[in-house]
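Heads up: the protein sequence lines correspond to chains Y and G, in order. Count the first sequence with numbering that gives the first Met the number 0 and you get residues 0 to 138, in order. Count the second sequence with numbering that gives the first Met the number 0 and you get residues 0 to 179, in order.
By construction, these hints were calculated from the structure, which means they are not laboratory data. Keep in mind that a hint or two might mislead.
Stated by the list, open to error - One side of the interface only, derived from the structure: several residues of chain Y facing chain G at Cβ under 7 Å:
(1) V24
(2) A46
(3) L48
(4) M81
(5) V88
(6) D90
(7) H105
To be verified - Computed Cβ-Cβ distance ranges for the label pairs, DEER-style:
(8) G:T158 / Y:V116: 55 to 65 Å
(9) G:T121 / Y:L48: 25 to 35 Å
(10) G:S39 / Y:V92: 21 to 31 Å
(11) G:T98 / Y:T58: 28 to 38 Å
Every value quoted in this text rests on a predicted model; they were computed, and no experiment measured them. Backbone N, C-alpha and C define an ideal beta-carbon position, used for all residues, glycine too.
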Amino acid sequence: MSGSLPIFKYYIGETATIQINVGDVDNTQVVRCRWSYQTPLDECGNACLDLPGAQLNNTDCYISWSVVLRAEDIASGLNSSMYVVAVTVEDFVNASSTTPLSSIPHQILVHVSQKPVDACVSRPGISAFPRRNLACFGN
Amino acid sequence: MYCSLLFKLCVFFRVINIVQADHYKGGTLSWKVVNPTAISGPTVDIIITERHSWSYDRYPCNATTINTFDVYNDTQPSKPATLTCISSSAACSASNFSTINAPLACTDVSTYYQISTGSYFTQQSLAINSIIDIASRGASWAIETHTNAWSLVTHMDLTPIDGKINSSPGLLYFFFYVSR
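My request is simple: use the sequences and hints to build the entire structure.
Laid out in C-alpha cells, this is it:
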C-alpha cells in the first residue's frame with residue numbers, strides 16, 4: 000500500500016519533495032513508481048506529466064520539483080496554480096525484475112502559491128525526506 | 000425580447016455546465032486477492048477498491064453524510080462512477096469482468112481545500128489466469144488544473160506464480176486535513 004495526501008501545497012521558489020510511501024501485501028515483492036502515460040493505455044487522460052521539470056525517483060517513489068507557477072496562470076495574472084500528479088505504482092517479483100506483475104494509478108493535486116508575508120520561515124513537517132519504501136516515521 | 004430570452008438561456012446552460020463539469024480532484028484504484036493460495040478453481044475472488052476526490056461544491060460531504068454512509072455519484076443525475084475493462088473484448092470476456100457501477104460513499108471532507116472524497120469496495124469473482132486492464136474515467140478535472148479528461152487504469156494479472164496469486168500494490172490516502 001502507499002500513503003499520500005490528496006493535495007500538496009507549496010510556495011513558489013521552494014524545492015518540493017512529494018513523498019508517496021508505497022508497499023504491498025505481498026511482502027517479498029518490490030514496488031516501484033513511474034510517471035503515468037497517455038499511451039498506450041491512456042493512464043491519465045489530459046493530466047499526464049503535468050509538473051514541469053519534476054524528477055521522479057522510481058525506487059523510493061518521491062518527486063523532486065522546483066516549485067513554479069503555470070505559464071498560463073502567470074499570463075492570466077494569477078498568483079496561484081493547481082497541478083495534477085499522475086503516478087503509476089507497480090510491483091515486481093524481485094529487485095532485478097523489470098516486468099511488472101500489476102499496476103495501480105495514483106493521482107493527486109499540487110497547489111502552488113506565493114508565500115504569505117506572515118508565513119513561518121520553515122513549515123512544520125516530517126523530516127528526513129526522502130525515506131526508503133516501507134520506512135517508519137517517528138524514529 | 001428575443002435577445003433577452005437568448006441571454007437567459009445562455010446563462011442557464013452556462014450554470015448547468017458549471018455544475019456538471021470541472022470537478023475531479025484525483026483518486027486511485029487497487030485490488031487484493033481474498034485468498035492468494037486458492038488456485039484450484041476456475042475463478043478467483045478479489046476485492047477492488049476505488050477512491051475518488053471531487054470538488055466540495057459538487058459533493059458537499061459532511062459529518063452526517065460520512066456517518067450515514069451516504070452515496071454520491073460522478074455525474075448528475077445519479078450516474079455512478081464506473082469501472083470498465085479496457086483490454087481486448089476477448090480478454091475482457093474470458094475474465095468474467097463486467098462493468099461495475101461504483102456509487103462512492105463519502106469518507107473525508109475539507110471545506111478549506113474544497114475536497115470531498117469517497118470510497119467504494121466490491122468483491123468480484125474473476126477467471127483465474129485473467130490478464131486485463133481496468134479503468135475508471137471521466138470528463139473533467141477541477142477547472143483550476145487547466146486539464147480535462149481524467150483516467151485511472153490498473154493492470155491485473157491473476158495468473159498464479161509459485162502457488163499464489165498476486166495482489167496489486169495498495170494506496171491509502173492519509174487525511175490529516177488541518178483547520179486554518
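Here is how each hint holds up against the structure:
Contact between Y:V24 and chain G, as hinted, is supported at the beta carbon level, the nearest pair being about 5 Å apart and thus within 7 Å. Against a cut-off of 7 Å between C-beta atoms, the interface hint on Y:A46 holds, since the closest Cβ of chain G lies about 5 Å away. The closest approach between the C-beta of Y:L48 and any C-beta of chain G is roughly 11 Å, which is over the 7 Å cut-off, so the hint fails. With a cut of 7 Å, the hint placing Y:M81 at the interface with chain G holds, because the nearest CB-to-CB distance is about 4 Å.
Nearest Cβ of chain G to the Cβ of Y:V88: about 5 Å, under the 7 Å cut. The hint holds. Given the 7 Å rule on beta carbons, the hint for Y:D90 holds: about 5 Å separates it from the nearest Cβ of chain G. Because the beta carbon of Y:H105 sits about 5 Å from the nearest beta carbon in chain G, less than 7 Å, this interface hint is met. Taking the beta carbon of each, G:T158 and Y:V116 are about 58 Å apart, inside 55 to 65 Å as hinted.
At about 31 Å, the beta-carbon gap between G:T121 and Y:L48 stays in the expected band of 25 to 35 Å. At roughly 22 Å, the beta-carbon separation of G:S39 and Y:V92 lies within the given 21 to 31 Å, and the hint holds. For G:T98 paired with Y:T58, a C-beta distance near 36 Å keeps the hint of 28 to 38 Å intact.
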